[in-house]
Amino acid sequence: MSNARELSQLPSQTGRKNLLYNGQMQVVQRGTSFTGVTTAQYTLDRWEWASLNAETVTIEQASDHPSGVGQSLKFTVTTADASPTGYTVFHQKLEGADVQNLRYGSANAKSVTVSFWVKASVTGDYSVNLYTITATAQIIGSVITVNSADTWEYKTVTFVGDTATVIPNVVSEGLRLTIGLAANATYNDTDNTSWGAYSAGKFLYGQTANLVGTTSATFQMTDVQMEVGSVATEFEYRSYGEELALCQRYYQDQDQQSIMSSYVSAGSYHYASHDLPMQMRTGPSITITYLGAGGSLGSATAPTVQGTSISGTGFYVYKASISAGMGYTIYRYTTDAEL
Amino acid sequence: MNITSAQYVQEEGQNVSIRATIDGVEWGVPLSPSNRHYAEIMRQVEAGELTIAEAE
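Line order of the protein sequences matches chains A and B. Residue numbers for the first sequence follow my numbering, so the first one is 1 and each next one is one higher. Residue numbers for the second sequence follow my numbering, so the first one is 1001 and each next one is one higher.
Just so you know, the hints here were simulated from the structure itself, not pulled from any lab data. Be a bit skeptical, because a hint or two may be false.
Unchecked claim - Simulated DEER-style distance windows between Cβ atoms:
| hint | chain 1 | residue 1 | chain 2 | residue 2 | range |
| --- | --- | --- | --- | --- | --- |
| 1 | B | GLU1040 | A | SER111 | 28 to 38 Å |
| 2 | A | LYS17 | B | GLU1054 | 45 to 55 Å |
| 3 | A | ALA107 | B | ASN1002 | 17 to 27 Å |
| 4 | B | GLU1040 | A | ASP275 | 24 to 34 Å |
In this text, all values refer to a predicted model and were calculated from it rather than measured experimentally. The C-beta atom is built at its ideal place from N, Cα and C for all residues, glycine as well.
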């Protein structure tokens, strides 16, 4: 009887409940700190910063968490834009295939609840919204209010499901979560509190806080979760290895050196294959960093990626010999299949 | 995404990838519409903001 009672108390939703990646801000394959940032870029894994304003910022993984143990994503304005004319946001993009359980475009479309901890030096309302990548993009938004400066606060926002528009079941972007940091009137003057076709004015509707107008202003967030349902539940902790593997579907930084080494004849090519440790979303872009070479493969250049070999599971590289005999080249590579 | 150069790479006479400098880093970009770098390169080409050089 006690077992039956315990079973009845289990949450109705099992498996991975957080639709987002790296909500704990623990995976940082690109680095722990990004300084002098002025153009859109990925920062901590899966979190992209974008801005149409003129500020310069630092984005970093901070050892600061509401529990006292853990990390957060920290944004600091190093050069303010006193009169922003655009928007500044963080967002995370999800594949359409990964959000089919939301049943958008049907009468059974499900609500989702976004929850996170935030600490900001500027009080006021910050826009949070969902944006679907469909034939006609749809958007719904709300705001969270930061009440006390420089104090961790827990926020939740629930969005009803979109019953009208299907998110394509593809490995390309299907749904985007955006958290606003600043918006000019061009981007916050049109109501977006119910699902409707995207327009610029709806993008950050309700955003009153202007974080980029003050040098040294800061914004931190952590334990960001988006789950099915209308109630925010406890943050889903994932191990580092589990989270890293999930993030590697989109970006992989091989921190070990690769070596191609063999006996080759003069004027021939040597090939090396690389299997990726996690299948990526699509054939990635690849950058190879040359570290050293000697012997018959001794030209001071990185191997070349064989373009036709690039897939989500791996790729080949090749390099021409400069003489007959043994040779080697040392290099490392990074692969990017982000949305 | 700041793309400062782009050039096709050929193998056996066929364009197979694009060598592009994106945000200061040189990437080998597959000719795949689902690759975000390729998609942005083509968007900028269509907008007249970027030209992809022919392969050497």
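Now for the hints, and whether the structure bears them out:
1. B:GLU1040 - A:SER111: 28 to 38 Å: 33 Å, holds
2. A:LYS17 - B:GLU1054: 45 to 55 Å: 50 Å, holds
3. A:ALA107 - B:ASN1002: 17 to 27 Å: 44 Å, violated
4. B:GLU1040 - A:ASP275: 24 to 34 Å: 27 Å Cβ-Cβ, so the 24 to 34 Å window holds.
Of the numbered hints stated above, the single one contradicted by the structure is hint 3.
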